[in-house]
Structures are given as structure tokens and as C-alpha cells.
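Go by the hints and put chain A onto chain P.
Heads up: the protein sequence lines correspond to chains P and A, in order.
Heads up: the first sequence at position 60 corresponds to 1248 in the working numbering, and the numbers run straight through without jumps.
Heads up: the second sequence at position 64 corresponds to 369 in the working numbering, and the numbers run straight through without jumps.
Check the hints yourself; a few may be wrong.
[Stated by the list, open to error] Dumping the calculated DSSO-like pairs for lysine-lysine here, alpha-carbon to alpha-carbon at most 27 Å:
no., chain 1, residue 1, chain 2, residue 2
1, A, K400, A, K370
2, P, K1226, A, K374
3, A, K400, P, K1296
4, P, K1258, P, K1226
5, A, K322, A, K362
6, A, K400, A, K376
7, P, K1226, A, K400
8, A, K370, P, K1191
9, A, K323, P, K1191
10, A, K400, A, K374
11, A, K400, A, K362
12, P, K1226, P, K1191
13, A, K362, P, K1296
14, P, K1204, P, K1226
15, P, K1258, P, K1191
16, A, K362, A, K376
17, P, K1296, P, K1258
18, P, K1296, P, K1226
19, P, K1296, P, K1191
20, A, K323, A, K376
21, P, K1204, P, K1296
22, A, K362, A, K374
23, P, K1296, A, K370
24, A, K400, P, K1191
Hints are computed from structural coordinates only; laboratory data are not their basis.
Keep in mind the model is a prediction, meaning the values are calculated, not measured.
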Amino acid sequence: AQKVTQAQTEISVVEKEDVTLDCVYETRDTTYYLFWYKQPPSGELVFLIRRNSFDEQNEISGRYSWNFQKSTSSFNFTITASQVVDSAVYFCALSEANQAGTALIFGKGTTLSVSS
Amino acid sequence: EAQVTQNPRYLITVTGKKLTVTCSQNMNHEYMSWYRQDPGLGLRQIYYSMNVEVTDKGDVPEGYKVSRKEKRNFPLILESPSPNQTSLYFCASRKGGRAYNEQFFGPGTRLTVL
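Chain P extracted, bound-state conformation (with noise of 0.2 Å):
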């Protein structure tokens, strides 16, 4: 069965400071997306950006970047040099093609506290 689990629940740093959120999943299909959402304080949901299966480049967004390893199925984030406007919770999620309805499994959530 599919599951994502984000086992850091809640990581405090100060600005400036790297930061990596780290994300496992699990999965039998052999295509598959794999999603990560920041939720801030004001409560929406907000995509930051999505990876297939079939593409393990990293990329790299600013101060994001993301590390895709289908060999230990992580999916890790990485803030560098935090601010505090990155304060927030960050989801990961699993969408796989063949499943009915190919809904969004989410991980429950890593708080991050970036303090100034």
C-alpha cells in the first residue's frame, strides 16, 4: 500500500540556517509523482513542485531544492539560508497513475520554526 512518512514533526532553526525536511514513500507502482506543499500560518495549501518516477534530477529552485532517490525512496527538501517567512508546515505527498482516483497521499506534516 501506498504511505508517505515525513518523521520530523517539527524542526526549529534560526535564519540563515540549512534546513532539510526529509520524505519517504512507499509504492508498488512503477509510475508515480511525488508532490511537496507548504501550508503557512494563514492556512492554504501551496504547491511547490512536483517530480515523476522516471526523474531522479534534482532541482534546484532559489534557496529550494529538492534531492529525488528512488533507491531509498526519499524525496528530501532543502532550504538553504532560511528567513523567517519559511516558517510554515510542509507536506509531502504520493500520487500514483494507476490508482483509482489517483488521490494526493499526503505525510502528516513537518512544522518548521525559523526564528530570527
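Below, chain A without anything else, positioned relative to chain P:
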């Protein structure tokens, strides 16, 4: 502006009083779904719809109903709310049925059932 809207944003009600949370999207998306978010549990899918008149259960459908009479609207109905349905609810939409496409989420509805 492309968006998913939900109403109401906040609702306090009592056990057994029927309520409807509306959801509307203006992106002409075929796929819509409802999730609930609970502390320590993340988000879980309640119901989804692949297109008009096509709906199906997600992981936690008990106590909920949905309908999809129009492409843009996907209301969530609680016929007899109970306190364990106190939660933060999100509506989402996605282009087509492909798992590849990201889901766009509404702003959320915080429901309290007393």
C-alpha cells in the same frame, strides 16, 4: 484569477444540523476532491469526482456526501454532523484525471461541531 473558492471559511454548528460546504473552481478542471486535515494525521481524501456526475469515495467518506451536477461546483454535505467531523476541510481541483497534474487547493473551511 484562477482559483478554488470555498464557503463558508469558518463554521460552528451543533450535532445533527445538516450543513453544506460549497466549492467552486474557475479553471475548467475535470477532477475535484475533498480532503480533511487533522492534527497529526495530515490530509486525507474524503471524496473525489473525475467529472460531472462521476463521484467516488476516498479514504474517509463516512458521514459525508457529495454531488457533481456542474463541472465547476463540488459541494460537501454533512447530513448529520458529529463532533468527530470537527476539522479543517480543503477542496481541490486538477486538470484531467492524470496523477501527474498538481492539485489546486481552496483556502480551507474550518468546521467545529459542538
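Now for the hints, and whether the structure bears them out:
1. A/K400 x A/K370: 23 Å, holds
2. P/K1226 x A/K374: Not satisfied, since the Cα-Cα distance of roughly 31 Å exceeds 27 Å.
3. A/K400 x P/K1296: 25 Å, holds
4. P/K1258 x P/K1226: 23 Å, holds
5. A/K322 x A/K362: 23 Å, holds
6. A/K400 x A/K376: Satisfied, since the Cα-Cα distance of roughly 12 Å is no more than 27 Å.
7. P/K1226 x A/K400: 20 Å, holds
8. A/K370 x P/K1191: 26 Å, holds
9. A/K323 x P/K1191: This hinted pair is violated, its Cα atoms lying about 33 Å apart.
10. A/K400 x A/K374: 18 Å, holds
11. A/K400 x A/K362: Distance of about 19 Å is within 27 Å: holds.
12. P/K1226 x P/K1191: 19 Å, holds
13. A/K362 x P/K1296: 21 Å, holds
14. P/K1204 x P/K1226: 19 Å, holds
15. P/K1258 x P/K1191: 15 Å, holds
16. A/K362 x A/K376: 18 Å, holds
17. P/K1296 x P/K1258: 21 Å, holds
18. P/K1296 x P/K1226: 12 Å, holds
19. P/K1296 x P/K1191: OK: P/K1296 and P/K1191 at ~10 Å, within 27 Å.
20. A/K323 x A/K376: Distance of about 24 Å is within 27 Å: holds.
21. P/K1204 x P/K1296: Given pair P/K1204, P/K1296 holds - Cα atoms ~26 Å apart, limit 27 Å.
22. A/K362 x A/K374: 17 Å, holds
23. P/K1296 x A/K370: Satisfied, since the Cα-Cα distance of roughly 25 Å is no more than 27 Å.
24. A/K400 x P/K1191: Given pair A/K400, P/K1191 holds - Cα atoms ~24 Å apart, limit 27 Å.
Hint compliance for this structure: hints 2, 9 are not met, and every other hint is.
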